[in-house]
Structures are given as C-alpha cells and as structure tokens.
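Build the full structure now, drawing on both the sequences and the hints.
2 protein chains.
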Amino acid sequence: MPRYALKVEYHGAPFAGWQRQADQPSVQGAIETALAKLEPGPQDGAHTIAAAGRTDAGVHALAQVAHCDLARDWEAFRLMEALNYHLKPLPVAIVDAAEVGEDWHARFSARERRYLFRLLVRRAPATHDKGLVWQVKNPLDLQAMRDGAAHLVGRHDFTTFRSTMCQADSPVKTLDEITIEEIARETGVEFRFRLRARSFLHNQVRSIVGTLERVGAGSWPAERVKEALRAADRAACGPVCPPEGLYLAGVGYPEDPFEG
Amino acid sequence: MPRYALKVEYHGAPFAGWQRQADQPSVQGAIETALAKLEPGPQDGAHTIAAAGRTDAGVHALAQVAHCDLARDWEAFRLMEALNYHLKPLPVAIVDAAEVGEDWHARFSARERRYLFRLLVRRAPATHDKGLVWQVKNPLDLQAMRDGAAHLVGRHDFTTFRSTMCQADSPVKTLDEITIEEIARETGVEFRFRLRARSFLHNQVRSIVGTLERVGAGSWPAERVKEALRAADRAACGPVCPPEGLYLAGVGYPEDPFEG
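These protein sequence lines are chains V and G, in that order.
Okay, so the first sequence: first residue is 1 according to full-length UniProt numbering, each after it adds one.
Okay, so the second sequence: first residue is 1 according to full-length UniProt numbering, each after it adds one.
Simulated from the structure, these hints should not be mistaken for lab results.
Hints may contain errors.
[As the list claims (entries may be wrong)] Covered stretches of chain V, going by a simulated chain G footprint (3 or more residues, C-beta under 8 Å):
#, segment
1, 21-31
2, 52-65
3, 88-98
4, 120-130
Even glycine gets a Cβ: it sits at the ideal position worked out from N, Cα and C.
Structure follows, in structure tokens:
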C-alpha cells in the first residue's frame, strides 16, 4: 500500500481546525472526503490521514504536511491534481505530493515546525487581508518586541505560554528562533513573527505573540517576558492573540520528501 | 462648504465597480451612503463624490482618491474614523482624509495614476489570495515580458489596448513606466506589473497584461507587441485578462493632499 506525503495550503476561516470532527467542517475531513472520491478507504470506505501540526480553528497553513495510504499506485503529480479537483471550491490546496516509504510519518518523522504570525498595525479596517492578519490600532516598537522575544529563545519550561488544555507530556520545549520583521505597507505597518522549534505546545505561538504585542505597545517592559517565563504560571502570560494571523509555514524532516 | 480628500482602499469582489449604479452595489454608493449617516447631502439628502479612477467591477484599490463636500467642519481624522464606522462590514476603508481647497478635484487635479497587477503562476488553486490575483498555470518568462513591455512605454496611439467601449476623446496616451517584478512564493511565483501614466484608457492595463502574459508563455514573440501597437486595431490585442489581479495603487497630484 503506497504512502504519499501531501503539502497542504489552506485558509483557516471556514474550518473548525485541522482535526476531523463529527459535526463541523475541518481541513482533515475535507481532504479525507476528496481521497474517498479517488478510491475507497480501508475503514468502511473512509480514509484517515495524519498531519504534522493540528492547527486550531481559524489558523491558516502555507505548508502543512500530511500523509495518506492508497491502494493504487498514483503518479504524485496526478494525485495532487485529482485531489485539488475534488477539493474545489474549498480554500484547501494540495501544493505538492510525493511517494514516501511505508514507515515515514508526517507527524512522527517531523524534526521542525515553522510558524508565521502576521500582525497589521493601522487605524482603518483591513480589506484585502481581512481574516488573514491580526489587526491592532496602537503603534508597536520593533526593538522592544525583539528584546522581549530574546528571553524566550532556548530550552525552557513554557508553562506560562501554553494553554491549560495542552496535552503535551512536558511543558519543556526548545524554541530555536524567533525573528520579527517590520514591513511598511501602503497604509500601516505589518510585523511578521517567525518561530521555529522541533515542536510547539498548544497555543504557544499565540501566547507568545500576544505577550510581545503588549511589550511593543509599551504596556510591558521587555524584562517582564523573562519574569513571566520564569514564573511557569499560565496566569503570568499576556493576552492570547486571535488565530487569524497565524500560519503553519513549514515542516522540516531529516530528508525533504518533496525534494527532487 | 469645506471639501475633503479621501484615500480609499477596497476589495473589488462584492462591487459592480467604483461608479454608483441604480440597482447594483458600488464603492461610490457605499461611501455616499456612509456620508449621509454623518450629515444630509445637498440633493434630497444624498451626497455625490468624485474619484480619480472609475475602477471596473472586481478591480481593487490600495489608494483610490475621492473628494466630498460637507456642510460641517470636520477634523480630518474624525471624519475618517466616522466613515469607517459606517462602512462596516463592507470591505471599503478610508485610509486617510485631508481638508483641501474648494477648487481641488480628485479627478481633474490628478496628474498621475499608478496601477498594480498581480499574476500568480502555479498549478494548485490559490487559497489565501483567491480573488486577489489572476492565476495561470503555465510558467512565464520574465525577460520576454519585459522586452514586450518596453515597446509600450512612451507616447503612442493605444487603440489596440483599449476597450471598444472606451469613452476617452483620444487613444493617444503616454505610458510613463511599466515594471515587472518576479517574486518567489512558498508555492509558485508571483509577477507584479506596475504601470504609471497621467491617465489610462478603459481596459488598458488589463489589455496590456493579458498580452504580455502571452509573450511570457512563449505564444507571442516580444516583437509582436510592437506590431500590435502599430496596428492601432483592437483585434490585434492579446486576450484581456480578468479584473481580480488589478489594483488602483496610487494617484499623484501636484501637491500630495495627505502630506503633513
């Protein structure tokens, strides 16, 4: 039974998140339904796919990675085209596909996740980017946010920055990198946060960006991020920001399955 | 009666274009309705505003400029905020406002219009940018498109590149600049065309970009753009491309009304 890796881009707005749910639309459910149009799956005709990151409701992806097992041998390009045909008109696109070994796993083989968070600062409401950015009205200080972010890089107990619903065994994670870039737009300024780690805790990125926004606004001194981290107490976190600015931007594997 | 210049950003999809129409939604109509919430207009309570460019159905703006006359003296910032409040939830935003002289006119005082056209090249359907780019599947040659575009810069009879419905007195226009930039995206490649002229003919940008796409795809040699221009014949034009990649990106005036 050949296994295929799928690289997936999606707009999170119409979905209750990646994970299949009984009575709500999900990205996983959309792709599994499209797969069932190609060939019946092993469980009463249904397919089950696994993904590198289970994104929350409203969170987008530029390059989520999932895998599926199929009975037929598919040419990867034709599999991608056929799935995109059946996914229409949903805002989910298979942007790459590749055959992988039977022991390759989209989630367990992954060694790195990369997230992007887009924060738009301006008074007037967003029009083209509505639902694709988190918008605030107050100006933000880039250097202060970078100073705050620097305290979070490395191996730490991230209890402060994870949801109380988080199911990870341990709150200790290594955050490899946070970069923040400021981009002048025709109207307003956009800040792009990029975070990279082997894995993230539930709501970790939104907890970090929401906290750094408070630093950028001048409500928090940058040093308070360090104190909040050391407290290892969810109550010490800044406000968790909304999902619409968040993108799963990429997943790293020991060997890139889509290369070549 | 003080006059105000308004800089307007909008998403073109829900509108039949800029211009007010009796029975279809328009950007002009949306702003005039919002103005009437602030104070009654001079014609049976209605307002009439003028704009630098009357964009077609589905065309977007980053910085359209319009003007309105109001009875009350408004602080420009408060006028912008009040209009944005009443424009919600439509994807129309007043991104700047300024008081101008009573002889200043958004259309007749303008000395330059700038358009942006976004063309996305990839197989998989767009998700985040759906309706905000024109998407094609075939690869395009940047240098060939630049070579083709070079034939169009300067003062020419643009009969080939204007709609047969165009109401301009003369087909002779001076195109000051076309630049084409290629941007690598996570999936696919985006080409950004930027055109600058004192004024444009109806469908001129879409006729030019549609023709250059044929050059980029290898269907037209770049030289054929020159021949098509010289023919001064609408039938010599390449296919007119769809409106969803087109943005009115800016309007130039002898003095920027929004400066300072």
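Each hint, compared with the structure:
1. 21-31: Our answer is that it is violated, as 0 residues pass the Cβ test (under 8 Å) against chain G, missing three.
2. 52-65: Held - the segment 52-65 of chain V has 3 residues with a Cβ nearer than 8 Å to chain G, which meets the minimum of three.
3. 88-98: Held - the segment 88-98 of chain V has 7 residues with a Cβ nearer than 8 Å to chain G, which meets the minimum of three.
4. 120-130: holds (count 8)
In summary, the one numbered hint that this structure violates is 1.
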